[in-house]
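Protein chains: 2
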Amino acid sequence: MNEILDFINTHRDRYIEELKQYLAIPSISALPQHAGDVRRCAEWTAEEMGRIGLANVRLIETPGNPVVYGDWLGAEGAPTILFYGHYDVQPVDPVELWESPPFEATIRDGEIYARGAADDKGQVFMHFKAIEAHLKKTGRLPVNIKIILEGEEEVGSANLDEFVKSHQTELAADVVVISDSPMFDRGIPSICYGLRGLVYCQIDLRGTKSDLHSGSFGGAVANPAMVLAQVLAQMKDRGGRIKIPGFYDDVRPLRDEERAEFKKLPFNETRYRKELGAPKLFGETGYSTLERVWARPTFEVNGLLAGFTGEGAKTVLPAVSMAKVSMRLVPDQDPDKIAKLFEDYVRKVVPKTVELKFTRMHGGRPWMTDFDNPYVQAAGRAIEKGFGKAPVFNREGGSIPVVATFQEILGLPSVLFGVGLPDENAHAPNEKLDLGNFHGGVIASAFLYDEIAQTR
Amino acid sequence: MNEILDFINTHRDRYIEELKQYLAIPSISALPQHAGDVRRCAEWTAEEMGRIGLANVRLIETPGNPVVYGDWLGAEGAPTILFYGHYDVQPVDPVELWESPPFEATIRDGEIYARGAADDKGQVFMHFKAIEAHLKKTGRLPVNIKIILEGEEEVGSANLDEFVKSHQTELAADVVVISDSPMFDRGIPSICYGLRGLVYCQIDLRGTKSDLHSGSFGGAVANPAMVLAQVLAQMKDRGGRIKIPGFYDDVRPLRDEERAEFKKLPFNETRYRKELGAPKLFGETGYSTLERVWARPTFEVNGLLAGFTGEGAKTVLPAVSMAKVSMRLVPDQDPDKIAKLFEDYVRKVVPKTVELKFTRMHGGRPWMTDFDNPYVQAAGRAIEKGFGKAPVFNREGGSIPVVATFQEILGLPSVLFGVGLPDENAHAPNEKLDLGNFHGGVIASAFLYDEIAQTR
Chain A
1 MNEILDFINT HRDRYIEELK QYLAIPSISA LPQHAGDVRR CAEWTAEEMG RIGLANVRLI
61 ETPGNPVVYG DWLGAEGAPT ILFYGHYDVQ PVDPVELWES PPFEATIRDG EIYARGAADD
121 KGQVFMHFKA IEAHLKKTGR LPVNIKIILE GEEEVGSANL DEFVKSHQTE LAADVVVISD
181 SPMFDRGIPS ICYGLRGLVY CQIDLRGTKS DLHSGSFGGA VANPAMVLAQ VLAQMKDRGG
241 RIKIPGFYDD VRPLRDEERA EFKKLPFNET RYRKELGAPK LFGETGYSTL ERVWARPTFE
301 VNGLLAGFTG EGAKTVLPAV SMAKVSMRLV PDQDPDKIAK LFEDYVRKVV PKTVELKFTR
361 MHGGRPWMTD FDNPYVQAAG RAIEKGFGKA PVFNREGGSI PVVATFQEIL GLPSVLFGVG
421 LPDENAHAPN EKLDLGNFHG GVIASAFLYD EIAQTR
Chain B
1 MNEILDFINT HRDRYIEELK QYLAIPSISA LPQHAGDVRR CAEWTAEEMG RIGLANVRLI
61 ETPGNPVVYG DWLGAEGAPT ILFYGHYDVQ PVDPVELWES PPFEATIRDG EIYARGAADD
121 KGQVFMHFKA IEAHLKKTGR LPVNIKIILE GEEEVGSANL DEFVKSHQTE LAADVVVISD
181 SPMFDRGIPS ICYGLRGLVY CQIDLRGTKS DLHSGSFGGA VANPAMVLAQ VLAQMKDRGG
241 RIKIPGFYDD VRPLRDEERA EFKKLPFNET RYRKELGAPK LFGETGYSTL ERVWARPTFE
301 VNGLLAGFTG EGAKTVLPAV SMAKVSMRLV PDQDPDKIAK LFEDYVRKVV PKTVELKFTR
361 MHGGRPWMTD FDNPYVQAAG RAIEKGFGKA PVFNREGGSI PVVATFQEIL GLPSVLFGVG
421 LPDENAHAPN EKLDLGNFHG GVIASAFLYD EIAQTR
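Chains as they are written, first to last, in this note's numbering: chain A, 1 to 456; chain B, 1 to 456.
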């Protein structure tokens, strides 16, 4: 490994210049006017995969943006990694809040600022450079690797499930590696072993056929905005516990050792509260903040709309009201089952004075792997070698549906090894990646292939 | 009176043509681009008041739109009527829902369709024509009359209180007459003897300094949309009774004879429910629909806004939430006292997890006069002569703040004699006035001056 490390340290500056080229392509999948840029980015990605020495590189068309594929399968008898990432990026609005142009990568204070720096081009590129170092210096990799990079991650990965289903044989592997997440905190590398799932629904209530004058009719009919408030208020008790019958039935309790691990993490509640600008933290009684966010399910109102919402006063009795509601799920809650329990409960508590329309929108399964999975342990050793520090094992409150996809369709565990930071601004102006973490990530990735090879 | 009635009957068609001219002026006080039209309408109104024979006609400037003033004070020893109305109109949006252009008055099935037909130009014009008939045929009126027509009624009458206060001497009178309301139902002329008051407030809650990702942060902080729902849900019990402490303390109970009168009115709950398109009527336990709307206070949510309200799903944990809330008041509730009770209760029930901003917007006192007030009785006789039928005495759920103004500042009772209909679409597309009611109203108005003269 020494000559590989030398190679990486020697080419550090070149990596940055190449990464800048990658970040210059505005591959915004959400905006039709950037469709050409998205394809150009796929092509650039494929060319780079060829340059670093991967084989079978090609664009695989989908009904949406192409998947970029490449592999190196010369390590007979060694495990096979399926590496997943994405080459599309988020939109940049509000662009006036960027301190440097989003598609002209700029280095300030050891961080590279550009859309896609952390999410996910920078982290994909880190693996490219680790693979390159292995192949240029030794002509081989210690493991087999298959890379799939999609161009629709930022718009919901609509075609990915079908792609994975229809390429099961080609994608056969032993473990999935994904680098598309932040580490626990600056200086605290981490491996994420659990993600929450999601159920998203919309409630529409109608009280009357049209808006009414609140003077002429107020008092005679139910007000759908008030009914909505009453319905939502019945979803949680004062201790923050969700009241949907059966909601907690399948929740896997936190193990004592997990709780102990969480407690050891350097998490400062006061700093966290201040950064969020909250007068006071609030969550389910009996759990710490990290436990609430990582390992407990939630019920959140994502949107509310009824009646007059402009400046001033309008004495309207609204005809309709609307709430968008989502629940984050933890193992072993099932999104379909929870959506059904929620719908049943809403139908039960909504009074006969209004008409209810209940819409299930999307959902995703929660995911968790074991600390002691050999690949997770291998990743832990690789990170320690790249960052000089053993990683912490954390869970994440968000959802990465693709992880569940790989679990369900291919039966594969995933190693989530990210080098972003919690303040990386992934979906906001001034997205950035710490160059020290990038460099450590290239080294850790180079070790990761080695460590995974040694699991067999 | 016979020659006056002959005059009115003879000139019926001319009245409609003149009214069409009045309705052609788009005097929309809410829209700055119509400021010129509003002034043109004030001038047209003044010219018409001169044509019908009123004296001292002039525009009296205010910080906003002018008040049009005119009088006839030649009935020495007779009572003086202060007639109030307004020459401004509501906006016309959504204009595509009008079946004929809002400012080209069009007659269909005996009704004249135009913005302002009922609210309030048509009803003001009805009095103009009654005055004209008296003055043209007899050279005099049986009473003294002072007319003030404002141009800001549809935008909250911001300058009217000050105008009345600063012109108390000039406005001295015995009774106020206002024709700016609908009758109880088609074929059922009515006199309104009670109005509800109003308190309008806005509640803004802030949970965090910016919107958060519901995955990464859901469970750790209070959701201001959920807190808002919980706060609003605490404002009413399941029986529709308002839970603000002290809210009902000053409510004047319905008298048995009022309840008996209401019961006699031809009110069909099923038809009412179907016309509103409500699955089921709902209101305070222990009261009929008319009692709830006319004689009981309400608490209504007029608007709700939080988070993401567009198409689809966005997993946002909103930073802020907003509710517009208003209460209709009945005698002897005081708007300032009720606003204070409400604010105190909101401050008490809002948890410390969010920041509260409470804004009092506007308010108005409830109003009620007695059946047996001699002017009310005079109006009853006049209506019976104009419509061939004794009027019913009803209350109204809405508010006409100016009625309370005249009561408080000038110490005057008001006679509310309106010839609109409940389906007149006063603030909606296709506003209309029944021409039979207009004609009956001209005759009733002509008699009204006579009947009021005879009270002395």
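Honestly, I wouldn't trust all of these hints.
No copy is singled out in the list; a pair is fine if it fits within one copy or between any two copies.
[To be verified] Restricting the straight-line Cα-Cα distance to at most 16 Å, the calculated cross-link-like pairs of lysine to aspartate or glutamate (EDC-like) are:
#1 209 with 344
#2 337 with 269
#3 236 with 370
#4 274 with 211
#5 314 with 93
#6 263 with 291
No lab work stands behind these hints: they were computed from the structure.
How the hints compare with the structure:
For the homomeric pair residue 209 and residue 344, neither the shortest alpha-carbon distance inside one copy (25 Å) nor that between copies (35 Å) is at most 16 Å. Neither within a single protomer nor between protomers do residue 337 and residue 269 lie at most 16 Å apart by alpha-carbon distance, with minima of 34 Å and 41 Å respectively. Within a single copy, residue 236 and residue 370 get their C-alpha atoms no closer than 31 Å, and across copies no closer than 49 Å, so neither meets the 16 Å cut-off. In this assembly of identical chains, the alpha carbons of residue 274 and residue 211 lie at most 16 Å apart only when taken from different copies (14 Å versus 41 Å within one copy).
Taking the shortest alpha-carbon separations for residue 314 and residue 93, only the inter-copy value of 15 Å comes in at or below 16 Å, while the best intra-copy value is 31 Å. Taking the shortest Cα distances, residue 263 and residue 291 sit within 16 Å of each other inside one copy (9 Å), while across copies they are farther apart (60 Å).
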